[in-house]
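Undergrad: Each residue of the sequence shown is one higher than the one before, counting from 1 in my numbering.
Treat the hints as calculated values from the structure; they're not laboratory data. We put the CB at the ideal spot given by N, CA and C, even for glycine. Treat each hint with caution, since some may be false.
Derived CB-CB ranges, DEER-like [claimed, not checked]:
| id | residue 1 | residue 2 | range |
| --- | --- | --- | --- |
| 1 | Gly-228 | Glu-119 | 35 to 43 angstroms |
| 2 | Gly-148 | Leu-32 | 50 to 58 angstroms |
| 3 | Gly-148 | Ala-40 | 40 to 48 angstroms |
| 4 | Arg-35 | Asp-74 | 39 to 47 angstroms |
| 5 | Gln-112 | Arg-33 | 54 to 62 angstroms |
| 6 | Gln-155 | Ser-133 | 19 to 27 angstroms |
| 7 | Gly-98 | Leu-15 | 44 to 52 angstroms |
| 8 | Ile-16 | Arg-47 | 40 to 48 angstroms |
Calculated lysine to any residue pairs in the SDA-like style (CA-CA distance at most 25 angstroms, straight line) [said to hold, decoys possible]:
| id | residue 1 | residue 2 |
| --- | --- | --- |
| 9 | Lys-99 | Glu-136 |
| 10 | Lys-99 | Val-51 |
| 11 | Lys-99 | Trp-141 |
| 12 | Lys-99 | Asp-74 |
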Amino acid sequence: MRRGFTLVEVLVALLILALMATLAWRGVDGMLRARDISQAQLDRSARLHTVMAQWQQDLEQVQDTLLIPALRFDGRHLRLTRRQPEGLQVVVWWLAEGKLQRWAGAPVRNLQALRQSFEESQQPLALASRSLSTLEGVAGWQMAYYFGNAWTNAQSSGDLIEDAAVRAKRDAENKGPAPSNPGTPGGGTTGGSGGDTQPPTTGPQNPARSALPQAVRMQLDFEPGQFGGPLVRQVLLGAS
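Based on the sequences and whatever the hints tell you, model everything.
TA: Okay, structure coming up:
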C-alpha cells in the first residue's frame with residue numbers, strides 16, 4: 001500500500017524550493033546589477049571619448065587672426081579661436097561645480113563680428129545661457145603649453161613670452177641708433193628712411209600678443225568612483 005508525503009516532508013520540500021528560488025533571484029539580480037554598472041561605465045567612457053575628440057578638434061583647428069588671442073588660459077577659462085566651414089568661431093572651455101563646460105559662439109565671417117563674439121565670451125551671463133555640460137565628475141584640471149623642448153604652466157607661459165619681448169625691445173633701445181655712414185654728409189644714415197630698426201610699439205592697432213605654443217596638454221582629475229585615475233591629453237595645435 002502506497003502512502004503519501006507527510007506534512008513535514010511537504011514543508012521541507014517547499015522550504016528547499018523557496019531557498020532555490022531566492023538563490024536564483026539573487027543570481028539574476030546580481031547579473032542585472034553588473035550589466036547596469038557595465039553599461040554605465042561604457043556610457044561614461046563613450047562620453048569621455050566624445051568630449052576628448054571635441055577638445056582635440058577645437059585645438060587642431062586653432063586660427064590666429066592677429067585681432068584677438070587665438071589661445072588664452074586665465075586659470076579657469078580656456079578661450080580659443082578656431083576654424084569652421086562657416087567661418088571663425090570663439091570657443092570657451094572651463095570647469096564649474098565638477099562639470100566640464102563648453103561654450104561656442106556662432107561662426108562669423110568678418111573681424112568685427114569676431115571681436116564681438118570674443119567680448120561676449122567674457123560675459124558670465126552669456127556663458128551660462130549657452131554653455132553645454134560635456135562631462136561630469138571632474139574634480140580639477142591643469143593646463144600646460146609646450147614651447148621648444150619643455151612644458152610650462154599655461155598661466156605663466158604668456159607672461160614669459162611677453163617678458164622676453166619687452167627685454168628684446170629694451171635691448172634694441174639700449175644699443176642706440178645705428179652707426180652713421182662716413183661717406184654721408186652730416187653723418188646721417190643712408191636709405192632715406194631714418195634707419196629706424198626699433199620694433200613697433202603696441203597699441204590699438206598693434207595689441208601685445210603671446211606666441212602660440214606648439215602643443216597643449218590637459219590633465220583631468222576625476223572624483224572617486226568615476227574613472228581609474230587622472231587623464232592626460234596632449235594635442236598639437238593646427239595638426240589638421
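Undergrad: Could you grab the alpha-carbon distance between Lys-99 and Val-51 and see if it respects the 25 angstroms cut-off?
TA: 12 angstroms, holds
Undergrad: Do Gln-112 and Arg-33 keep their Cβ atoms within the hinted range of 54 to 62 angstroms?
TA: Check passed, 57 angstroms falls within 54 to 62 angstroms.
Undergrad: Could you grab the alpha-carbon distance between Lys-99 and Glu-136 and see if it respects the 25 angstroms cut-off?
TA: 4 angstroms, holds
Undergrad: Taken at face value, is the distance from the CA of Asp-74 to the CA of Lys-99 at most 25 angstroms?
TA: Holds, at about 18 angstroms.
Undergrad: State, for the Cβ atoms of Gly-148 and Ala-40, whether the hinted interval 40 to 48 angstroms holds or is violated.
TA: 43 angstroms, holds
Undergrad: Return holds or violated for the Cβ distance of Gly-228 and Glu-119 against the range 35 to 43 angstroms.
TA: Since the Cβ atoms of Gly-228 and Glu-119 sit about 41 angstroms apart, the hinted range of 35 to 43 angstroms holds.
Undergrad: Should the hint that Arg-35 and Asp-74 are 39 to 47 angstroms apart at their CB atoms be regarded as holding?
TA: Between Arg-35 and Asp-74, where Cβ atoms are some 44 angstroms apart, the hint holds.
Undergrad: For the hint 44 to 52 angstroms, verify it against the beta carbon of Gly-98 and that of Leu-15.
TA: 50 angstroms, holds
Undergrad: Between the alpha carbons of Lys-99 and Trp-141, is the straight-line distance 25 angstroms or under?
TA: The hint holds at about 11 angstroms.
Undergrad: Okay, Gln-155 versus Ser-133 on CB: inside 19 to 27 angstroms?
TA: Given about 24 angstroms between the Cβ atoms, the range holds.
Undergrad: Does the Cβ distance between Ile-16 and Arg-47 fall inside 40 to 48 angstroms?
TA: 47 angstroms, holds
Undergrad: Given a hinted range of 50 to 58 angstroms, is it respected by the beta-carbon distance of Gly-148 and Leu-32?
TA: 55 angstroms, holds
Every hint, counting from the list given before, is met by this structure.
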